[in-house]
Each structure stands twice: as C-alpha cells, then as structure tokens.
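There are 6 protein chains.
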Amino acid sequence: METKEIYLESLITGTPQEGRELAIKLARKSIAAIQPDSETRKKLRSDYAEDTAKLIASSQVIATEFQTIAMANNFWK
Amino acid sequence: METKEIYLESLITGTPQEGRELAIKLARKSIAAIQPDSETRKKLRSDYAEDTAKLIASSQVIATEFQTIAMANNFWK
Amino acid sequence: METKEIYLESLITGTPQEGRELAIKLARKSIAAIQPDSETRKKLRSDYAEDTAKLIASSQVIATEFQTIAMANNFWK
Amino acid sequence: METKEIYLESLITGTPQEGRELAIKLARKSIAAIQPDSETRKKLRSDYAEDTAKLIASSQVIATEFQTIAMANNFWK
Amino acid sequence: METKEIYLESLITGTPQEGRELAIKLARKSIAAIQPDSETRKKLRSDYAEDTAKLIASSQVIATEFQTIAMANNFWK
Amino acid sequence: METKEIYLESLITGTPQEGRELAIKLARKSIAAIQPDSETRKKLRSDYAEDTAKLIASSQVIATEFQTIAMANNFWK
Chain Y
906 METKEIYLES
916 LITGTPQEGR
926 ELAIKLARKS
936 IAAIQPDSET
946 RKKLRSDYAE
956 DTAKLIASSQ
966 VIATEFQTIA
976 MANNFWK
Chain E
906 METKEIYLES
916 LITGTPQEGR
926 ELAIKLARKS
936 IAAIQPDSET
946 RKKLRSDYAE
956 DTAKLIASSQ
966 VIATEFQTIA
976 MANNFWK
Chain V
906 METKEIYLES
916 LITGTPQEGR
926 ELAIKLARKS
936 IAAIQPDSET
946 RKKLRSDYAE
956 DTAKLIASSQ
966 VIATEFQTIA
976 MANNFWK
Chain B
906 METKEIYLES
916 LITGTPQEGR
926 ELAIKLARKS
936 IAAIQPDSET
946 RKKLRSDYAE
956 DTAKLIASSQ
966 VIATEFQTIA
976 MANNFWK
Chain H
906 METKEIYLES
916 LITGTPQEGR
926 ELAIKLARKS
936 IAAIQPDSET
946 RKKLRSDYAE
956 DTAKLIASSQ
966 VIATEFQTIA
976 MANNFWK
Chain F
906 METKEIYLES
916 LITGTPQEGR
926 ELAIKLARKS
936 IAAIQPDSET
946 RKKLRSDYAE
956 DTAKLIASSQ
966 VIATEFQTIA
976 MANNFWK
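Chains as they are written, first to last, in this note's numbering: chain Y, 906 to 982; chain E, 906 to 982; chain V, 906 to 982; chain B, 906 to 982; chain H, 906 to 982; chain F, 906 to 982.
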C-alpha cells in the first residue's frame, strides 16, 4: 500500500517560503499514502477544498509539518 | 495549484504582536494554498467566521503557527 | 480585518498563573482577529460556553498557547 | 469572567504522577475559565464523561498540558 | 474523582517499544481519570474501537504522549 | 489487549523518507493496539480511506509522529 516514490530527500530548504511549500507537499503525501488511488483522491479533493472545516483541519496539518521543517532549518536564521 | 506568491520572507518579527499577525497570515495562506479560488474563499469565510467550532479550530492553527514563530524569535527575549 | 490593537507586548509573565491568563487572552484574541464584530462574538460566546465539545476544543487552544508561554519563561524556574 | 483564584503556583512537581495530576487540573481549570458557572459545568460534566469522542478530546488536552509540565521538570530525570 | 493509583513511576523506558506501550497506557489512564467508572468505560470501549474517527483521535493522543516520552528518553539514542 | 509484537526497534532511520514511512507505521500500529482484530480493521480501513475528514485526521497523526522521529534523527542533518 505504501508508495515507493521518494518524495522527501531532505528537510532543509533554501528559504522559509520553500519550507511552507514542503509542508504542504508532506501533508498531501500523507493523504496519498493512506489513499493510493489518485482517481479517488481527485474526487475527495473537490470535497475538502470547499468545506471550511476540512480546510482548517488541513491547515493544522500544514502548521505541524512546517514546525518540524522550521526546526530542521534552525528557523532559517 | 500552488500559489507562486512569496508570502513568507522570514519568521523573524520585531515584536510578539507582529508574531501574532504573522501566525494569522500563515494560517490564511494555508487555506489559500488548498483553495486557490478567492471567490470561493470569500464565501467560505463568512461561513467560518460565524461558526464557533470553526473559529476555535482556526485558533488552534494560529496557536501552532505562533509557537513556531515564537521559537524562531527566541521568544523575543 | 486585522485588529490594530496591541494585545501582546511580551510573552514574559511574573508567575505561571499569569502565564495561564495570558494563554486564555491569546486564545480569545485569535477569535477576535477572525471575527472582528464584537456583537457576533458575544452571541457565539454563549454558544460555546455551554457546549462541551467546544469547551474542550478551546482548552486545547489554551494548552498550546500556554506551552509557548511556558517555554518563553523557561517554565518559571 | 476570569477566575481570580490562584490555581497554578508552579509547574514543578515531585513525581511524574503528580505531573499527570497537575495536567488534569490545568485542563479542568481551562474549562472553568471559559464557563465560570459551576452548576452549568456540573451538568456538562456528565455529558462528556459518557461520550467517547469528548473523552478522547479531553485526553488530548491532558497530553498537551503534560508535555509542558514534563519539560518544566526536565522529565523528572 | 481522581484515581489515587500510582500509574506513572517514571517516563524512562528501556526501549522505544516500551515507550509506545507507556504512551498507550497514559492515554488510557486519562480516560479513566475523567470517567472513573470501569463499567461505563468498558461500554464506551467497544464504541470507539469500531469507530474510525475515534480510533484516529485516540492515535493522536498516543502520538502526543509518545513525543513526551521519547524526549524524556533522549530518543533512546 | 496490547500487541506483543515488537514493531519499534529504533527511532533512527537512514533517510527522511524512511522517517516518513516509520511515522505512517507508528500511526497504523496505534490503531492496531486499540482495535486488535485485523478483520475489523480491514473493514474500517475502506471507511477512512474514502472519507476526507478521516484522511486529514490521519495525516495529523502522521505529522506528529514524524516530528518526534525527525527530532530523534536530528533532522538528518
């Protein structure tokens, strides 16, 4: 069931903005790991992109992933 | 789907208050990344601004983003 | 939409108890940032103060904010 | 609305077990800060003590508060 | 209402696996602290063990407790 | 009720990608610890893999577990 694709080479990014983008990517890859069928995911996507509660819950995942990435990059200081 | 706008130049802010404002901004930008259509977001906004459960869930996202920002700024000490 | 009021001068508090009070204040200010209309907030308040699930969710926000404040104060050691 | 009672003198406890008890106390005090009426809280209590989802959500609050307390005590090492 | 049983002598465990088991135990003890009646808990247990949303929420509590335990053990390095 | 299988020998992984896979494994093992019957889990699995809210909640668990693993590996730096 687990995807064999390598999607995380490193937690280090050049800029905080790239850190945000990596956080979003990691959140999406978790969804893909649990639901590997891309057709099903496409259908679900329209579902959560228009549902406020799910959008907020997704933002929480991104915030948590970003905290890890920010720590890894020593907050880009 | 991902916005190409640079919205996070740095996690460093001058004051804790600015840190709060950055946390709120990051929470909003996550919503925008998942739902890029601003018209749809506008409609959803009125939805969550008057729904207690969603307001609380949004506050949780802000709290998590703020923790990261506060760590980045060594808590403004 | 963002409040211009300065409500967070510092994360440093004299006592752990004051840290709790600051955590509660930050949680409330996040709600106010998303829903700036105080009349609407007043109506919503009675809603969540009598709904167990929302009370617990609010406690989670306070716990997260407090963790940040406690770290900022080196746990008042 | 905020309780003036001092319920948190210190985050330092003698044992991990006392740390758990403090975490539970803090979680309860957050509820009391938002819903100051003890009669209302008593009614709500029977509500969440028999509702699995609310019990689990309360456990999450306790876990977060405990993490803060454990860090404050350097994990009682 | 609080259980007087000592269930947490130490956060230190011999192995990561024992750390997982302690995390699960702590999550369960929180439930017991809020709902001290074991008969009621037994009934609720069958409820959440067959409800996906509650299983996932329980996993979240375990993940948080485990993070604390892992930090206490310096990640068993 | 607790599984006696050793599924966590170490938090140390060779790569960040392996850290993600371990995070997913830990999340799954928590479910298995609470619901030990594999037949029941199989039925529940199809349930959450097609339910957006549950997929997002699962991603949150993975994000939390991954943060712990990333800290254990000093972020693979």
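Keep in mind that the hints were calculated from the coordinates and are not lab data. Please note that the accuracy of each hint is not assured.
In this list, chains with the same sequence are indistinguishable; a pair is considered to hold if it fits within one copy or across any two.
[To be verified] Once the Cα atoms are required to be at most 20 Å apart in a straight line, the calculated EDC-like pairs of lysine to aspartate or glutamate come out as: (1) Lys909 with Asp956; (2) Lys909 with Glu923; (3) Lys982 with Asp942; (4) Lys959 with Glu926; (5) Lys934 with Glu923; (6) Lys982 with Glu923; (7) Lys982 with Glu955; (8) Lys947 with Glu923; (9) Lys982 with Asp952; (10) Lys947 with Glu914; (11) Lys959 with Glu923; (12) Lys930 with Glu914; (13) Lys948 with Glu926; (14) Lys947 with Glu910; (15) Lys982 with Asp956.
Do the hints match the structure? See the list:
no., hint, result
1, Lys909 with Asp956, "neither (31 Å within a copy, 23 Å between copies)"
2, Lys909 with Glu923, "between (24 Å within a copy, 10 Å between copies)"
3, Lys982 with Asp942, "neither (40 Å within a copy, 33 Å between copies)"
4, Lys959 with Glu926, "within (19 Å within a copy, 23 Å between copies)"
5, Lys934 with Glu923, "both (16 Å within a copy, 13 Å between copies)"
6, Lys982 with Glu923, "both (14 Å within a copy, 17 Å between copies)"
7, Lys982 with Glu955, "neither (36 Å within a copy, 38 Å between copies)"
8, Lys947 with Glu923, "neither (24 Å within a copy, 26 Å between copies)"
9, Lys982 with Asp952, "neither (38 Å within a copy, 38 Å between copies)"
10, Lys947 with Glu914, "neither (25 Å within a copy, 31 Å between copies)"
11, Lys959 with Glu923, "neither (24 Å within a copy, 27 Å between copies)"
12, Lys930 with Glu914, "both (12 Å within a copy, 19 Å between copies)"
13, Lys948 with Glu926, "neither (23 Å within a copy, 25 Å between copies)"
14, Lys947 with Glu910, "within (19 Å within a copy, 24 Å between copies)"
15, Lys982 with Asp956, "neither (36 Å within a copy, 38 Å between copies)"
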